[in-house]
Amino acid sequence: MKPILRLDKVCKRFGGVVAADDVTFSVLPGEVHGLIGPNGAGKSTLMNLISGIYTPDSGKIFLDEQDISDVPSHMRARMGIGRTFQTPRFLQRSSIEDNLLLGTDLANQFGYLKSYFGKKGSDFEKELKELMKFVDFTFDWEDDISALAYGQRKQLEIVRSMLSHPKVMLVDEPAAGLNNKEIDDVMALLNYAAKERGIGILLIEHSMDMIMNICEDIVVLSFGKVIGTGCPAEVSSNEAVIEAYLGRDVNA
Amino acid sequence: MEKRMKIKPSTLLIFLAAAIFVIVIPNTNEGYSMMIVNLGLIYAIATYGVSVMLGMGGQLSFATVSFMGVGAYITANLCSGRNGINMNTALALVIALLASALLAFGAGLILFRLKGTYFTFATIGLVQVSWSFYLSYKPLFGGPDGISNISTLNLFGFSPKNYNDWFYILAAFVLVIAFLVERVRRSQLGRSLAAIRDNEIAAQTLGINVYMTKVVAFTIAGVLAAVAGSLYAMHSQFVSSDMFTYERATTYIIMAMLGGVNNTAGIFVGSVLVTMLPEWLRFMQQYLQLIYGIGVILLMVFMPMGLAGLASGFAKSLKRKLYSKKKVTAGKEGPKQ
Numbered sequence: 010m011k012p013i014l015r016l017d018k019v020c021k022r023f024g025g026v027v028a029a030d031d032v033t034f035s036v037l038p039g040e041v042h043g044l045i046g047p048n049g050a051g052k053s054t055l056m057n058l059i060s061g062i063y064t065p066d067s068g069k070i071f072l073d074e075q076d077i078s079d080v081p082s083h084m085r086a087r088m089g090i091g092r093t094f095q096t097p098r099f100l101q102r103s104s105i106e107d108n109l110l111l112g113t114d115l116a117n118q119f120g121y122l123k124s125y126f127g128k129k130g131s132d133f134e135k136e137l138k139e140l141m142k143f144v145d146f147t148f149d150w151e152d153d154i155s156a157l158a159y160g161q162r163k164q165l166e167i168v169r170s171m172l173s174h175p176k177v178m179l180v181d182e183p184a185a186g187l188n189n190k191e192i193d194d195v196m197a198l199l200n201y202a203a204k205e206r207g208i209g210i211l212l213i214e215h216s217m218d219m220i221m222n223i224c225e226d227i228v229v230l231s232f233g234k235v236i237g238t239g240c241p242a243e244v245s246s247n248e249a250v251i252e253a254y255l256g257r258d259v260n261a
Numbered sequence: 386m387e388k389r390m391k392i393k394p395s396t397l398l399i400f401l402a403a404a405i406f407v408i409v410i411p412n413t414n415e416g417y418s419m420m421i422v423n424l425g426l427i428y429a430i431a432t433y434g435v436s437v438m439l440g441m442g443g444q445l446s447f448a449t450v451s452f453m454g455v456g457a458y459i460t461a462n463l464c465s466g467r468n469g470i471n472m473n474t475a476l477a478l479v480i481a482l483l484a485s486a487l488l489a490f491g492a493g494l495i496l497f498r499l500k501g502t503y504f505t506f507a508t509i510g511l512v513q514v515s516w517s518f519y520l521s522y523k524p525l526f527g528g529p530d531g532i533s534n535i536s537t538l539n540l541f542g543f544s545p546k547n548y549n550d551w552f553y554i555l556a557a558f559v560l561v562i563a564f565l566v567e568r569v570r571r572s573q574l575g576r577s578l579a580a581i582r583d584n585e586i587a588a589q590t591l592g593i594n595v596y597m598t599k600v601v602a603f604t605i606a607g608v609l610a611a612v613a614g615s616l617y618a619m620h621s622q623f624v625s626s627d628m629f630t631y632e633r634a635t636t637y638i639i640m641a642m643l644g645g646v647n648n649t650a651g652i653f654v655g656s657v658l659v660t661m662l663p664e665w666l667r668f669m670q671q672y673l674q675l676i677y678g679i680g681v682i683l684l685m686v687f688m689p690m691g692l693a694g695l696a697s698g699f700a701k702s703l704k705r706k707l708y709s710k711k712k713v714t715a716g717k718e719g720p721k722q
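As they're listed, the protein sequences go chains Z and C.
Per this note's numbering, numbering of the first sequence is gapless, rising by one per residue and ending at 261.
Per this note's numbering, numbering of the second sequence is gapless, rising by one per residue and ending at 722.
Since the hints were made in silico from the structure, they are not lab data.
Hints are supplied without guarantee of correctness; some may be wrong.
[To be verified] Rough simulated footprint, nothing fancy, chain C against chain Z, three-plus residues with beta-carbon under 8 Å:
#1 95-103
#2 221-230
[Stated by the list, open to error] Examples of chain Z residues lying across from chain C (beta carbon under 8 Å, computed):
#3 S82
#4 H83
#5 A86
#6 R87
#7 D107
#8 S124
#9 Y125
#10 K129
#11 F133
All values reported here derive from a predicted model rather than from experimental measurement.
Built from N, CA and C at the ideal position, the CB exists for glycine as well.
So that you can see chain C by itself, here it is in the shape it has in the complex (with noise of 0.2 Å):
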């Protein structure tokens, strides 16, 4: 029952994984190869807020789409000088994630009135209606066109001039997003919705509001989202509405799945594959739909807990052979029985 040891070896993998990841990949790529790797970036702030709902809470949603649009179009509106306004964009992210925020705690506290499966059907109704929004009211999110022109981020001075830049700032983002949510994960409000996600009437009785624990969770799932959002616009320059439909939104959840839905490490790693599998099937395009859908279901019958869950059981095997290898030996050297 002894405290556990300070650095488990799982982690200072991971930091060197990430450090390789970081160090090797802008120096080997540029311009559109290195913009697929930002989009992967990106993604994964989103596929964060999946992890926070769906790994720890156990609720699926499928609205990080709506806040992304929500968080992109602000962006968009503020910064592409179509009304005449032209914010600093650092404010505009600023701005998009405080409205997000406001925007997510209003939608979860009306869409948490339904349990289960029923939230999950409101959110996809949540999706199509924003979609609508996004598509066709072109005052505010320009119709099919989309809006153009968005300004690049500037962050205190330092503009990114092309995408080798924005990757270490997408980096940089993801990192400190990684920590916060992980952060989530070892704190009162991760072990309150594990609660939830196990038993929600055992979680009562632990004292824990179940309603407004699963509103918290959905509002920082939105402003995750919006987050990216705001980055995709920035990063992009151009938003348009065929970034936030159903479709989409169903790839942040396999995203996550793919990762490790309750795994920072891999939700990392999920939403990179997930964004460069198209690419590096180019040579097989027309199947690459068949080949998407094929993967989900085995990746659902094989590894239900996503890559994470089979490094960790691969590790757990690992260690039980090394210490039964102990056991045996003291076995031997013990009495005969």
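Isolated chain Z (complex conformation) (with noise of 0.2 Å):
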């Protein structure tokens, strides 16, 4: 199977501060990669990257095997290329539909104008039925988003970046701060995003239960550099991996 998404050399530089250095990995489409490492890995960089927030100092990056290093963030996104944010980021002083209805935006693609004369895109209430089936909550359209506790915004941010209909879709760190419960919701949601909608998901999380439990493929970061790869069992016997969370024995 052709990777959905590819990372080829990537290197970037902050000052003295080396935050990807090298990195090489591929995401399969429906496939659930973890991207791990200890903080300061070069994660959320990597990240920020490969939705064009920063572009690489050297290296390439392919969607679907199409070269996007030198796109623009908005043109990645409409390519594809969706993401969630550690803290969730919505309108603040907009209801919750405002801010679903932004996903739904996204997927449509036919602009200001014809969506100003009432042309509607993909069925979007139908769609969001179907995504709200995997969380455990409901609320009031009218609502501001600040009626939803944190751990439902972040599930709702997950749910808003599906309805955009992405090709990757970039999620970093979604059980911090949720609940049990809440965690489970987002494991079935992504594992539905990836098996059903055959979506490529990378990763970012600190929660090893959630990475070994959906996690196909791993690869771990530290300084900037790609110390490990494999599936859950390779990664957690990997030396240089166990080095990196937990130190080298002195004795050793």
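Since each chain sits alone in its own frame, please combine them into the complex, following the hints.
Printed below as a string of structure tokens:
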């Protein structure tokens, strides 16, 4: 199977700090690919490079075998790179409906004029209903987004990204701040996105439970370098990975 | 998660208030006081541009007066016979609209190379530049004397004979523009602007072209200002540069802030109130600027979302009170804990 997202020797430095050093890996469609590493390893930088907020110093990024290294951020989103943030980013003073419609807007892509004159694109309500099966809460359309709890907002951000029909979804720490029930819901939602919708998911997460549970493949970063790849079992027995996480034994 | 009901009571209330306004005002006013109300309506059109830029997109621009000037002077040149041209006024309005759209689009492309506060400062520069032209360049703008003898509007044979006639025409313009602006808010453009206002990086990752979306908003604001300017020229039949100073530019921002910068009905109320205020406070004219200044400070401290924010906050707390009352009764009837 051809990878949906491929990074080829991507480098990025900020002054003297090397945030991404020769990073090479690929994500297959329908796969949940874990991206782990200690704090400051460059995981979020990598997401920003993929979604186009930063441009790489060298190396290339491919979406569906098309080089997108020089494509601006909003065009990458339109080409199918969806993402969520560590802290969910919603319109604070807008209704939940408007916030979710931003996802549908991205899927539709027919521009402001046609939307202004009432053209409706993909079926927002039907799709939303489908996705809301996976989350365990209800809400009022008209309410401000602030009516929702933090964990609910985090789940809704994944829902919004899925409404935009991405090919690749970059999910940044979805489990942080969620309770166990919510984490289960998120895992079910991500599994559905990958298995039923064929979306390639790149998942940053500190909860090893979650990573080991739903990732087929994992890439481990430390100081911007890939120090290990493979399935969960391989990674958790990888010497370099254990060292990066736990430190070297003095007597070794 | 059920879909919303058809018409909200607040919408109904707004239409009722608008209907009363349109019926009562022209029947109780005439002459000078009617003219002031009309000016309020004209300013409201320009202030809707501020609402699109500042309310929806979070971009503070003072350029309203620059484009109002574009509309006013194009109309003045085409409809006063000063260059031997005496065009149909409705046609002149359309020309003013198209020309301002082009100019605003071009200016937007340049100005939005800058972001945030830098953009705002650049618009202040634009206001100073356009005002100097309006004040000093005689061939196009008439210099300090301005341009007079502008024909009054003629819409398909109907021409207003007095300020009361004008009121109905302007009210129709405001209604249509308010509707169009409200539609912007509820379409993809409005949501994109809201996303830009809240977080530009998140907006990008939602596929929004931040730069072009801002330029589109700036163009809409420019066109609305130019329509207001064009109508102003025909209504007053005279245009001069002191309508387009920086000081005037701040007034439109205050109108929007007083009414509620992101609220269609609020914009209208704010514009009319700020226009009427100097008339009501005529007896203490020498303190007017002082009162005005203090008013703006108090406004920002106590109701940053303007009168509309105040109203919606009141409605929300009312709703909560009714709702919590229900909850209490339910608790009493239910089993004790």
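Going by Cβ atoms only, is Z/S82 closer than 8 Å to chain C?
Holds, about 4 Å.
Z/Y125 as chain C interface residue, shortest Cβ-Cβ below 8 Å
holds, 5 Å
Once the shortest beta carbon distance from Z/F133 to chain C is found, is it less than 8 Å?
Constraint on Z/F133 not satisfied, violated at 11 Å.
Against chain C, does the segment 95-103 of chain Z show at least 3 residues with beta-carbon separation below 8 Å?
holds (count 6)
Holds or violated: is there a CB of chain C closer than 8 Å to the CB of Z/K129?
Hint violated; Z/K129 Cβ to chain C Cβ min 11 Å, cut 8 Å.
Against chain C, with CB atoms and a cut of 8 Å, does the hint on Z/R87 hold up?
At about 4 Å, which falls below the 8 Å cut-off, the nearest Cβ of chain C leaves the hint on Z/R87 intact, so it holds.
Would the hint on Z/S124 stand, with a C-beta cut-off of 8 Å toward chain C?
holds, 4 Å
Status of the Z/H83 interface restraint (C-beta, 8 Å, chain C)
holds, 5 Å
Is the interface hint satisfied for Z/A86? The criterion is a beta-carbon contact with chain C at less than 8 Å.
holds, 4 Å
Closer than 8 Å Cβ to Cβ for three or more residues is the test here. Does the segment 221-230 of chain Z pass it with chain C?
n = 0 at 8 Å, threshold three: violated.
Proposed interface contact between Z/D107 and chain C, which counts if any beta carbon pair is under 8 Å:
holds, 5 Å
In this structure, the earlier hints numbered 2, 10 and 11 are contradicted, and the remaining ones agree with it.
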